[in-house]
Amino acid sequence: MKSTNPFALWRWEDLFQNFDNFSSGFLRTLQVAILALALSLVIGIVIGILSTAHNMILRSVARVYVEIFQNIPLVIQIFFMYNGLAMAGLVLSEFTIGVVGVGLYHGAYIGEVVRAGILSVPKGQQEAAYAQGFSYTQTMRYIILPQMVKGILPPLTNQAVNLIKNTSVLAIIAGADLMYAADSYASFSLNYGPSYVIAGLLYFILCFPLATFSRKYEEKLKKNDSLVVDIPEVME
Amino acid sequence: MINSIQTVFTRPNVLFLLDGLKTTLLISLCVVILSIVFGTLLGLIRNYEKKFFGKIAGFYIELFRNTPLLLWMLGCAFLIPGSTILVKASIALFLYTAAVVAEIVRGGLNSIPKGQFEAAHSQGFSFFQTLVYIILPQTFKKIIPSLLSQVITTIKDTSFLAGLGIMEFTRSGQVILGKVTKTSEVFLIYGFLAVVYFIICFALSVLVRNWHEKNSENV
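In order, the protein sequence lines correspond to chains A and B.
The opening position of the first sequence corresponds to residue 1 in my numbering, with each subsequent residue numbered one higher.
The opening position of the second sequence corresponds to residue 1001 in my numbering, with each subsequent residue numbered one higher.
By construction, these hints were calculated from the structure, which means they are not laboratory data.
Keep in mind it's a predicted model, so treat the numbers as computed, not measured.
Idealized CB from N, CA, C, for every residue including glycine.
Warning: the hint list may mix true and false statements.
[What the hints assert, rightly or not] Computed spacing ranges between beta-carbons, pair by pair:
(1) A:V228 to B:E1118: 22 to 30 Å
(2) A:V149 to B:I1005: 45 to 53 Å
(3) B:G1082 to A:S93: 38 to 46 Å
(4) A:F208 to B:L1204: 25 to 33 Å
(5) B:N1210 to A:E219: 37 to 45 Å
(6) A:S24 to B:N1210: 45 to 53 Å
(7) A:W12 to B:E1118: 28 to 36 Å
(8) A:E219 to B:G1082: 26 to 34 Å
(9) A:A88 to B:V1132: 53 to 61 Å
(10) A:A38 to B:L1204: 39 to 47 Å
(11) A:A88 to B:G1165: 20 to 28 Å
(12) B:S1083 to A:S187: 17 to 25 Å
[As the list claims (entries may be wrong)] Cut-off 20 Å, straight-line C-alpha distance, at most; resulting in silico cross-link-like pairs (EDC-like, lysine to aspartate or glutamate):
(13) B:K1114 to A:E94
(14) A:K150 to A:E218
(15) B:K1114 to B:E1049
(16) A:K2 to A:E13
(17) B:K1051 to B:E1062
(18) A:K216 to B:E1062
(19) B:K1179 to B:E1062
(20) B:K1050 to A:E219
(21) B:K1114 to A:D225
(22) B:K1050 to B:E1062
(23) B:K1141 to B:E1062
(24) A:K123 to A:D225
This is chain A alone, in the form it adopts within the complex (with noise of 0.2 Å):
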């Protein structure tokens, strides 16, 4: 006679004999949040620069783009790319929609980190820059980026920690992730306490690290009195 505790010993033992379900998830998952967060730097950096631009249209598309990836739950844009551009005839794997919904999404909220870490850098290293002959490019890429990059790395970090747990998401549309794999376990066995408990282990590993460092290294930065960029709008 089987214990019906939800957390009984069979239950683990069935659940490591099909520990392949949660390996293939894991592995999707990191390489879904490992790209979408690529994509994500990428257009959070793009969006940064325009957004403190001196071209009124060019800081109105940031602000355009940052705002309606912002207030649009991730969860419709993922369902939209999943059934609405099927429907028009775009059919995309969950794998890349995995990988474009959440890394469009982030990078709204990274554009806004970037925005903040350069205006938190002083304005005369601009006029200083721009008076010793630098071009806009070259104040950019010389002097603004790498004195905010510090700053930056700690909201950045916790940027990735929400993006790893938002791939989550993947599961409502069956996307194969972690979270999937977990749940189409415990579905199909029953065995939900401990597929549950070993999915949010998974996670856990995977995010815990990066939140310690990130504020390990905001604590070391306010010590040093360097610069520490503050962002309290952007806490997704």
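Assemble the complex: chain A is given as a structure, and chain B must be docked to it using the hints.
Frame of chain A; chain B shown alone:
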């Protein structure tokens, strides 16, 4: 196009969507209020009690900050006995949001100068009186922008409930989607969902920005 609008926005459909919106807003409101209370408590404990309870609060916060919301929603839905799935999944959202609020509160507490404590103490205030009358009012004034942006995040997060089949705004939109066949109708429904979420969240984010600008002028 006019035809699509007429097929999508019939009276029963609109009422159905509004009902979903009502659920979304109600859940958000309850979750926000409860998690501000619980989150403040957690933040205070983590900051001022460095022993047993402080460690537990710290563990709680780290646990929820480093695992996905959807996992907690599914976990609560399947592992808490009794009650409806709506209540159970909303409890997950509340527990999750409380951890974020706790971190916001802690950030606010740390920004209050130590001298405030010493001054209150020298005036004969007890520790709790200092917290209630001196520290917390200043803290909340500072963290209002962050809390408001957490309200926006919470409203967006309720859309995860759709993944569990709970009839909130996103899910009710999906139900209507199941009834239509044309691409233009599908786009219309997604557009409607997006616009409504956008209006609510954007309005709040404008509030955040105004507050922030007004207060950074005063400092």
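>> Tell me the hint numbers this structure goes against, listed in increasing order.
In response: 5, 7, 8, 10, 13, 19 and 23
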